[in-house]
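Engineer: So you can see what is in the structure, the chains are spelled out below.
Protein chains: 2
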Amino acid sequence: MIIVTGNILAKSETLDELFVLALEHSRRSRFEPGCLAHGVHQDCENQLRLVFFEQWTDHSALAQHFHLPASRLFAKEAFALAAEPPKIEIYEAVAVSVGG
Amino acid sequence: MIIVTGNILAKSETLDELFVLALEHSRRSRFEPGCLAHGVHQDCENQLRLVFFEQWTDHSALAQHFHLPASRLFAKEAFALAAEPPKIEIYEAVAVSVGG
Numbered sequence: 653m654i655i656v657t658g659n660i661l662a663k664s665e666t667l668d669e670l671f672v673l674a675l676e677h678s679r680r681s682r683f684e685p686g687c688l689a690h691g692v693h694q695d696c697e698n699q700l701r702l703v704f705f706e707q708w709t710d711h712s713a714l715a716q717h718f719h720l721p722a723s724r725l726f727a728k729e730a731f732a733l734a735a736e737p738p739k740i741e742i743y744e745a746v747a748v749s750v751g752g
Numbered sequence: 653m654i655i656v657t658g659n660i661l662a663k664s665e666t667l668d669e670l671f672v673l674a675l676e677h678s679r680r681s682r683f684e685p686g687c688l689a690h691g692v693h694q695d696c697e698n699q700l701r702l703v704f705f706e707q708w709t710d711h712s713a714l715a716q717h718f719h720l721p722a723s724r725l726f727a728k729e730a731f732a733l734a735a736e737p738p739k740i741e742i743y744e745a746v747a748v749s750v751g752g
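Protein chains in written order, with our numbering: chain A, 653 to 752; chain B, 653 to 752.
There could be a bad hint or two in this list.
Claimed, not checked - Computed spacing ranges between beta-carbons, pair by pair: (1) A:P721 - B:A715: 17 to 27 Å; (2) B:E665 - A:S712: 38 to 48 Å; (3) A:P721 - B:F683: 28 to 38 Å; (4) B:H719 - A:H719: 42 to 52 Å.
Because the hints were derived from the structure by calculation, they are not lab data.
Keep in mind it's a predicted model, so treat the numbers as computed, not measured.
Note that beta-carbon positions come from the ideal geometry of N, C-alpha and C, so glycine has one too.
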């Protein structure tokens, strides 16, 4: 499984627009092939920071997601509205049973 | 690396208290051995849902974290304040370079 985390720091004057766009992007992405989960959150220590947590079946599904026109448009809009370049991290992940 | 995600659904009357406790837990955890990142967020689709994203160096560090009295107290308090049993997922993860 692939885990993707990303975060976008809004400006106070762009937060409302970014919030709506991020939520639309997240809700749209959930219906794409290979998307296991896609959510967007606000950092409790900085409400201007929108944090994505995504799970995809494999690299191919994620590559398809990145190349969709709607994803590319969102990335472009997010970059334009953000206070700093958005960050993204990608992991190959295997679920383990809960212990401890 | 170990990735931990968790979420706690508050009740409207417990959100403020859970928010404070979750933030305290997150800030305390960052200083523990092997903690690479620890953050708490509010789900943009349901502000009552607090979502944790954590990164730890290895299973041993995470086991130590779970066994600390402060962590066990937080888990107990969170369970008592939550609208449903909190969820936690643990992954063994390897970072990959960003593509696409």
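Engineer: Are the hints correct? Go through all of them and say.
Structural biologist: Here's how the hints hold up against the structure:
1. A:P721 - B:A715: 17 to 27 Å: violated, 45 Å
2. B:E665 - A:S712: 38 to 48 Å: Roughly 46 Å apart at Cβ, these two residues keep to the hinted range, so it holds.
3. A:P721 - B:F683: 28 to 38 Å: violated, 44 Å
4. B:H719 - A:H719: 42 to 52 Å: holds, 45 Å
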